Structures are given as C-alpha cells and as structure tokens.
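Student: Under mature numbering (1 follows the signal peptide of the UniProt record, and there is no 0), the letters of the sequence shown match residues -19 to -1, 1 to 336, in that order.
Where hints are given, some of them may not hold.
[Claimed, not checked] Restraint-style ranges between C-beta atoms, simulated for each label pair:
#1 Asn44 - Met232: 17 to 25 Å
#2 Ser229 - Gly290: 45 to 53 Å
#3 Ser91 - Glu185: 44 to 52 Å
#4 Ile133 - Ser55: 21 to 29 Å
Just so you know, these hints were derived from the structure itself, not from any lab. The model shown is predicted, which means the values in this text are computed figures rather than measured ones. Ideal Cβ placement from N, Cα and C applies to all residues, glycine included.
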Amino acid sequence: GAHSLITLLLLLLIHHGSSHEEYCRELSCGPDEPIVQFPFQLVKESSQDRCVYPEFCLYCTPNKNTMMVLSTTSGPIKFLVYKIDYESNRISISDPDDCISEKFLKLINSSFLPYRFNTDSITKLSIFNCSSVKYRHLRNEDQSSSMSQDMITCPIYLSRSYDSVLALDLVSCTKMFDVSIISVQECGSPWSLSLSWSKQNCTECEAKGMKCKWKNNYTKGETQCFDCNNKRKTIQIPKSLIYISAGSILMGLVLIALFKIHLYFRKKEEDQVRVDKFLEDYRAQKPTRFSYADIKRITNGFKEKLGEGAHGTVFKGKLSSEILVAVKMLNNKEGEGKEFINEVGIMGKIHHINV
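Kindly generate the complete structure, drawing on both the sequences and the hints.
Tutor: As structure tokens, this is what we get:
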C-alpha cells in the first residue's frame, strides 16, 4: 500500500511536469536560439516516437543549435533553424555543412509539404556548376560581398542574375538555369532559405484564452485546445503535502518493521515457555535437553537421513559408540510446533526398548 502510494505520487508529478513543459513553457535549444512553440514541437532526436507531427518537430544538436529535418521526395534533408516568425508563419533555415546551394537544388525539384517557398516578392537567381574549377575559392572582385564559398566541397553556386559573371569569376563555371524565387537570401554561410507554412486554425482556442496542440491520434493536421491556466485539468501537489506524505509513509514503514520485530521476539518467548512446560510435565520421565549444537554433533551434521515424518525430517544419530538414536527435526511452522510437541509427548509414554 505504501509503495503504491509513493509510485502514484511520482507518476502524477511526472505527468504534471511533462504536460506543462511541452505545451506551456517557452522552450529553446539555447539562449540565442528561436523559441519553439505551436505548431512546432521540440523533442530529442532519439525520441521520434514522441513526435506527434514529424514535419513540425525540431531537435537540439549537441552544440545547442536548433535543427529540423525536411521530408522531401529526394529524401530527408537536415537544416539548422535560426529564426521562426510566428506572425508571418516563416522559418529561416541554413545548411549545417555550409552548402545550401546543393540542398536548394533538391528542394526546387521536390515537394516538402507542409512547407513552401515564400512568394511575396520575386528574386531571380542563376545557378552555376563550378565542379570544373581548379581552385578552392572564387576570386571575387566585389569587395562589398563577404561570402566565401568552398568550391571543392560545394561546387554549386547561386548568384543573383544581375551580378557580373566576370566580377564573381564564374567564367570557368557552367550555368545550369535561372530560377525566380524569394526564399533565398544572403547570410553568413553564404546563403539561407526562408520557408513558410500554412497557418493552423487556432482562433477558436485563442478566443477562449487557450493554446493549441496536435492531437495525439496519428492523424496529421488535427488540433485541440490546451489550457495552461486551468488548475482543474492538471494536478498540482504542494511541496509541503509531498513532504508530509513521504514522512508519514516512512514513519508507517518503520512502525510496521518494529511491530514485526516485536511479534518475532514474542513468538520466540512463547516457544521457550512451551518447551519449558513440556520439560516440566515430563520431569518424571527424566527428559534430557540438548542444544542445537549437541543435536548437530549427535547426527554428524545431519549426514544420514532416515525418512520424512508428519512434522519433520528424521536423521540417524549416535549418543555414544553403543547407543544409536533417531533425531526428528521440526521443519515447518504449522501449528506453531504444538503438534510436534504432542507427538514427542506421545512417544514419551511408549515403553519400548528403542524409545
């Protein structure tokens, strides 16, 4: 009972803490990382089974950066997340390997719902393949640009269509095609992508002063309201009550242990009284009292077993070189040994040469 109560209290505390941390607190991977809230869910990378809507799940890297995995028709692609705008439903991502251009090629030829490229305004880009370039960095004559792309590890180059091919030293590269898109912008690494997602209908919950969360029924897109302030829906246990309950349970366990110890010693005393009474009742027959050490010596360490009786095992023993005896040891506690003592008493009344 006490162990069950302790387990119940711990389960309630764990459930209470996890619910509030996941849906009510503002979570992030680090102090300079974006806040993660609905529709996103921050989970451990090794615990994807807890991810209700995998496309909106974000993870923390060992360096405390925020990471997402886009599921595309070309396969999953990892990106670092450095900004989330919940008002405009935009997320800004970059490549952890500093080669956003190659991943950009995969994205423009793939579907990666529920995300899409932003289309507020159009920027025309030219895409070059510089795999034939023999040097590591382009000799960029545009001193205002701080970008420096490693052409050996990342040979796909993105350029604004109005940039000078000569100034960027792209003469040795092969132009692949042009694309018109808003989502690519200059960043320190050297490009980043800006994606948007469809706004989830949370107006009904917000009108009630509640928050949204994904339904954990493995049906993507279904949401439900969650109240962070409703005390009736969460069990809050004051620390004082926890301490009092734990102390009471501990005291109860100590009292139970003391009570069992008391019963043990009281039973030992009753057994001793019963044996003394038996010896007194049969004093006329001059019974001999042996200690356990004596019995062990007489039976040579209970070496030779003669049989099994109603209340114990019978062993062969020797009082002297001429007197052989059978020693019966009580091996169960049924009836508190009363039947065993009665049996000894009956045998004491039998007049036989071997008894």
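Student: Each hint should be assessed against the structure and marked as holding or not.
Tutor: Hint-by-hint comparison with the structure:
1. Asn44 - Met232: 17 to 25 Å: 49 Å, violated
2. Ser229 - Gly290: 45 to 53 Å: 48 Å, holds
3. Ser91 - Glu185: 44 to 52 Å: Violated, at about 34 Å.
4. Ile133 - Ser55: 21 to 29 Å: Because 23 Å falls inside the window, the suggested range holds.
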